[in-house]
Amino acid sequence: SWISVPSTADILLHLGLSESVIAAACARVGQRVLHVDRRSYYAANWASFTFNGLLSWIDDNKVCTYFTLLFITPVNSFKQQDQEECAPLAEDQQILSSDGEPQGEEQLSGSAPTQAKKKKISYTKIVKEGRRFNIDLVSKLMYSRGLLVDLLIKSNVSRYAEFKNVSRILTYRQGKVEQVPCSRADVFGSKELTVVEKRMLMKFLTFCLDYEQHPEEYQDFTERSFWEFLQNNMLTENLQHFVLHSIAMVPRETHTEEGLRSTQHFLRSLGRYGNTPFLFPIYGLGEIPQCFCRMCAVFGGIYCLRHSVQCLVLDKESGRCKAVIDTCGQRISCSHFVVEDGYIREEQRKGVEHKHISRAVLITDGLLLQSESEQQISLVTVPPLEPGAPAVRLVELCSSTMTCMPGTYLVHLTCPSSGSAREDLQPVVSRLFTKPASAGEEGTPAVLWAVYFNMRDSTAADRSGYDLPGNVHVCSGPDAALGSDHSIRLAQEVFRQLAPHEEFCPPAPNPEDIVYDGDGGQGEGAGFSEAAQAEEGAAEEAEESKEKEASQESSPVEVGEMPDPPPAPLAEE
Amino acid sequence: MQFSIYIIAECNMKLMTRDDKSLLYNVGGKEGVLDEEVLLLTQQLLSSNPDFATLWNYRREILLHLETVRSEDEIQRLYEEELSFLEACLKVNPKSYGSWHHRGWVSTRLPRPDWARELSLCERCLSLDDRNFHCWDYRRMVVRVSGVPVDQELQFTDRLIGSNFSNYSSWHYRSTLLPLLHPGSPEAASPQREPPTSSLLKEYELVQNAFFTDPNDQSAWFYYRWLLGRGVCVCVCVCVCVWGFSTNSEVILRCGYRNALYYKSLTHLHKICDLPPGTISDTSNEHNLTVHWTERHTHRDCALYTGRSESWCRDSATDLELFRSELSVEKSSVLQSELQSCTQLLELEPQNKWCLLTIILLMRALDPLGYEKETLAYFQTLKEVDSMRTSYYSDLCSKFMIENTILKMEYAEVRVFSLCEKNLSTLCHLDQLLLVTHINLSSNQLLGLPPQFAMLQCLEVLQADDNAIENLEGVYHLSKLEEVSLRNNNITQLSDLKILTTCPRLARLDLRGNPITQIANIQSQLAELLPSITELLL
Numbered sequence: 001s002w003i004s005v006p007s008t009a010d011i012l013l014h015l016g017l018s019e020s021v022i023a024a025a026c027a028r029v030g031q032r033v034l035h036v037d038r039r040s041y042y043a044a045n046w047a048s049f050t051f052n053g054l055l056s057w058i059d060d061n062k063v064c065t066y067f068t069l070l071f072i073t074p075v076n077s078f079k080q081q082d083q084e085e086c087a088p089l090a091e092d093q094q095i096l097s098s099d100g101e102p103q104g105e106e107q108l109s110g111s112a113p114t115q116a117k118k119k120k121i122s123y124t125k126i127v128k129e130g131r132r133f134n135i136d137l138v139s140k141l142m143y144s145r146g147l148l149v150d151l152l153i154k155s156n157v158s159r160y161a162e163f164k165n166v167s168r169i170l171t172y173r174q175g176k177v178e179q180v181p182c183s184r185a186d187v188f189g190s191k192e193l194t195v196v197e198k199r200m201l202m203k204f205l206t207f208c209l210d211y212e213q214h215p216e217e218y219q220d221f222t223e224r225s226f227w228e229f230l231q232n233n234m235l236t237e238n239l240q241h242f243v244l245h246s247i248a249m250v251p252r253e254t255h256t257e258e259g260l261r262s263t264q265h266f267l268r269s270l271g272r273y274g275n276t277p278f279l280f281p282i283y284g285l286g287e288i289p290q291c292f293c294r295m296c297a298v299f300g301g302i303y304c305l306r307h308s309v310q311c312l313v314l315d316k317e318s319g320r321c322k323a324v325i326d327t328c329g330q331r332i333s334c335s336h337f338v339v340e341d342g343y344i345r346e347e348q349r350k351g352v353e354h355k356h357i358s359r360a361v362l363i364t365d366g367l368l369l370q371s372e373s374e375q376q377i378s379l380v381t382v383p384p385l386e387p388g389a390p391a392v393r394l395v396e397l398c399s400s401t402m403t404c405m406p407g408t409y410l411v412h413l414t415c416p417s418s419g420s421a422r423e424d425l426q427p428v429v430s431r432l433f434t435k436p437a438s439a440g441e442e443g444t445p446a447v448l449w450a451v452y453f454n455m456r457d458s459t460a461a462d463r464s465g466y467d468l469p470g471n472v473h474v475c476s477g478p479d480a481a482l483g484s485d486h487s488i489r490l491a492q493e494v495f496r497q498l499a500p501h502e503e504f505c506p507p508a509p510n511p512e513d514i515v516y517d518g519d520g521g522q523g524e525g526a527g528f529s530e531a532a533q534a535e536e537g538a539a540e541e542a543e544e545s546k547e548k549e550a551s552q553e554s555s556p557v558e559v560g561e562m563p564d565p566p567p568a569p570l571a572e573e
Numbered sequence: 001m002q003f004s005i006y007i008i009a010e011c012n013m014k015l016m017t018r019d020d021k022s023l024l025y026n027v028g029g030k031e032g033v034l035d036e037e038v039l040l041l042t043q044q045l046l047s048s049n050p051d052f053a054t055l056w057n058y059r060r061e062i063l064l065h066l067e068t069v070r071s072e073d074e075i076q077r078l079y080e081e082e083l084s085f086l087e088a089c090l091k092v093n094p095k096s097y098g099s100w101h102h103r104g105w106v107s108t109r110l111p112r113p114d115w116a117r118e119l120s121l122c123e124r125c126l127s128l129d130d131r132n133f134h135c136w137d138y139r140r141m142v143v144r145v146s147g148v149p150v151d152q153e154l155q156f157t158d159r160l161i162g163s164n165f166s167n168y169s170s171w172h173y174r175s176t177l178l179p180l181l182h183p184g185s186p187e188a189a190s191p192q193r194e195p196p197t198s199s200l201l202k203e204y205e206l207v208q209n210a211f212f213t214d215p216n217d218q219s220a221w222f223y224y225r226w227l228l229g230r231g232v233c234v235c236v237c238v239c240v241c242v243w244g245f246s247t248n249s250e251v252i253l254r255c256g257y258r259n260a261l262y263y264k265s266l267t268h269l270h271k272i273c274d275l276p277p278g279t280i281s282d283t284s285n286e287h288n289l290t291v292h293w294t295e296r297h298t299h300r301d302c303a304l305y306t307g308r309s310e311s312w313c314r315d316s317a318t319d320l321e322l323f324r325s326e327l328s329v330e331k332s333s334v335l336q337s338e339l340q341s342c343t344q345l346l347e348l349e350p351q352n353k354w355c356l357l358t359i360i361l362l363m364r365a366l367d368p369l370g371y372e373k374e375t376l377a378y379f380q381t382l383k384e385v386d387s388m389r390t391s392y393y394s395d396l397c398s399k400f401m402i403e404n405t406i407l408k409m410e411y412a413e414v415r416v417f418s419l420c421e422k423n424l425s426t427l428c429h430l431d432q433l434l435l436v437t438h439i440n441l442s443s444n445q446l447l448g449l450p451p452q453f454a455m456l457q458c459l460e461v462l463q464a465d466d467n468a469i470e471n472l473e474g475v476y477h478l479s480k481l482e483e484v485s486l487r488n489n490n491i492t493q494l495s496d497l498k499i500l501t502t503c504p505r506l507a508r509l510d511l512r513g514n515p516i517t518q519i520a521n522i523q524s525q526l527a528e529l530l531p532s533i534t535e536l537l538l
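Going down the list, the protein sequences come from chains A and B.
Sequential numbering of the first sequence, starting at 1, is according to the UniProt record's numbering.
Sequential numbering of the second sequence, starting at 1, is according to the UniProt record's numbering.
Check the hints yourself; a few may be wrong.
[Unchecked claim] DSSO-like, lysine-lysine: derived pairs with alpha carbons at most 30 Å apart:
{"id": "1", "chain 1": "A", "residue 1": "Lys322", "chain 2": "A", "residue 2": "Lys128"}
{"id": "2", "chain 1": "B", "residue 1": "Lys91", "chain 2": "A", "residue 2": "Lys154"}
{"id": "3", "chain 1": "A", "residue 1": "Lys203", "chain 2": "B", "residue 2": "Lys383"}
{"id": "4", "chain 1": "B", "residue 1": "Lys202", "chain 2": "A", "residue 2": "Lys203"}
{"id": "5", "chain 1": "B", "residue 1": "Lys95", "chain 2": "A", "residue 2": "Lys191"}
{"id": "6", "chain 1": "A", "residue 1": "Lys176", "chain 2": "A", "residue 2": "Lys164"}
{"id": "7", "chain 1": "A", "residue 1": "Lys176", "chain 2": "B", "residue 2": "Lys202"}
Calculated from the structure, these hints are not laboratory results.
All chains, please: the whole structure from these sequences, using the hints.
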């Protein structure tokens, strides 16, 4: 059974973080929003999966079906594209290797009967407890004073999620993992630093907090690198490492001012919610787009998963997109169309070059740096192991974040790609972790399961590089940065074009303050009577969110997939 | 009782329904009602305004009354309810004097108190605001009554300081815990004998971490100064002085307190007695006088030798310990290494006043004369970086300069003493100058001669040219004073000089360059005021 999709909408979008924010913002100011995605889950590349969900995601992506869903047809010939034909074009996610199963099995056979040293976790256990995992495709943290947190607060969307403070900032230095002193209390308590270093570091950090007020301190270095600037500031090697890699988190060659800006951003976020500048959403980062989707649904947005657009209908005179044809052949008229970069065909983005992000997800059995509490959320910065290699960012999540089963840790590795994910990240993994078979080394956690993949980073793309109608807006997917500022800024920009005179995400009223009309009289046509249902579904889901049972599997509106979609009606009006 | 309830009813008019109000009036009407109904009413009132002491008192009266008529279990339940009500009050105002005080009272009345619960309540409050002194007070009470071990409390302060070291309360608490943890001398104020060096060094390390991390935070510096030590206030008899004139003799006893104040030495000069006339009529014999100080079980002998009209007995002023008591750490090696780290910090933070001041104090403790030049330079910087406290630093510097001059005196019996051109803004340690006959205070910035100046009982010549003196308060009953030179000062009126009439032997007075010389007829008026003067320069 499937429910028909509304035939008109003001705005039609796909599902990423930027798109979800735009959707929420538009719905909030009264636009009719239709959200479609070929995938069966929310949040697109920002999604979180259970362990088993991730396994099927891997399978799906190995044969590359899911990411060839949407192609914008050329303006002159509105012909339907064959999926297979286009497969290689949309390789925004490429599974390069997934070495999980063999290792897992080895573990199972090797250790289960013999040792009872620690509570060993077998592969079958992970599969059995798979629902306890919430594995993000993107690994990011939220700066406490970043745009995302500000937006969550301002819009009241924060009520849909709960957050935890990242508890430690660690770094890999001289062959071992150690804690980075970044807050005043950390510096005070640090055993690694001498008192003079403490003073130097505090002095430098205090300067960075309002570096704009003291241009004389760095004006000689505006053309030189932040690294040189640090060296010139009499910071010891220890401190240079901490500031460059763990606080500013920039490569050596970064310009001084940019380095100072990053440092400032880090420091300004300190102390708002705790001793580190970062927050992490419980149940994973995939919650965030979903929270905005909930907000959108509350204000009448409609969601259609496993449903997609085949082609656009353009107005001959204005060249604007006035409708789309979905995979069922239905025409949906719309005044704006927001689409993720990954869905656009190569011909339409001639001038656009893409970078890639290398990612790895590990399930490990212990903390990288032991501490009193086993429940730690750590950000670990690993500087380039060799010259030219990328700096790798590692986020280690404990089970209290509800992203992994007790006794395990979920480790995300991220860096901008210079080769395949495995080439980029394997060296770091092998330095920091052991294999379960050689669990002799004390204190080094073992990798129970791992997956490496590359993801396309289209954030550098310029809109002018796309050959698209004016009311088709392109959103980029996730970038390699730690924060989400780029996506939020992008959402704001797009929103400004969609609704130039409206406020961006004003605070949503509390549910008890909302007065519903007796008979939902806003419907116009068949489409919107269904819309009300859809809304209910979404609202219900929002309420259920705490229990977190139904999250990915049951989507509010499921539109059945047509095995053989009818040809798109050629429409030229 | 009726009156107070009535007032509250007025105050909280807005907060209550009509029924409540009438109820309260009724309660007021019944004299001395001590039942649960009143308990409930006061609870309603207090929950909207927990700062009404009278109501808390009323509640206490009721509870005390109920204690006499209820069983222990009932009382326990009653007081437990009271505690949870208080918790709600503290949520309204976590700094309510009334609520905390009442909680303290309830906790001690409780038949079976749950101190762990109280400690965790304090912990929660302090995590919300680590400077809530009401909570600190209450917590100390709980700790005392429930007997939490001292080392556990020290760990507690460790934890609080670790999360935020800008916290006087925690540092101060430490300073009370450490002497308890390392009991030694009965005079618990001096740390040099109690905390073993290792734990003392650990404290130095902790506090250094704090002031290197944030040198502008005062709390760590104050604790540091506590660690470096405070002088012990010992009352000693420093000097006994006897002199006689033709008809009478007097004994002056001076005893000095060395104390912890930073620049004012509390010193007392006692004139013990005039010896009865005729006691020392025979100057051809030697007289031995003994002063017994019963309170301290000490005595001092003083011999008036043949043919002399005065005699004294005093400690040597060159004793290096004389002014050291302000920083009293036994090992100067410790002080030396502390000085090194502070100097290191100063290199990084040349403008930091706390660091500058601490360095000055350390230098004073180590070698006041050797570091004199550096000290003066640091004072100069201090005045520049902390211009709001220039006068404080000037006075402190004056004190140190006077101390140094006294230390430089070759022997205690020096009777001619010069303090000219020292930039003095104040005078102190005058007790050390009891025997001085000639003092030169010229070319300083003195505004007056303070009352303690009257201690210079042997003074014959006072020279204080080129100051800004307008007040001669201390030139009082100086029986030997003969000559006063006050050129270029700020004496404006005749009345300023009136005090000089108490000095019977004053014969020469120089007032050139003072505004007073402009007054018409001043010469004749002065002659009238001070007839003993034979030489007056105007």
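Here is what the structure says about each hint:
1. Lys322(A) with Lys128(A): 48 Å, violated
2. Lys91(B) with Lys154(A): 27 Å, holds
3. Lys203(A) with Lys383(B): Given that 30 Å is the threshold and the Cα spacing comes to 23 Å, the pair holds.
4. Lys202(B) with Lys203(A): 24 Å, holds
5. Lys95(B) with Lys191(A): Not satisfied, since the Cα-Cα distance of roughly 36 Å exceeds 30 Å.
6. Lys176(A) with Lys164(A): Given that 30 Å is the threshold and the Cα spacing comes to 26 Å, the pair holds.
7. Lys176(A) with Lys202(B): 27 Å, holds
Violation of the numbered hints given earlier is confined to hints 1, 5; the remaining hints are satisfied by the structure.
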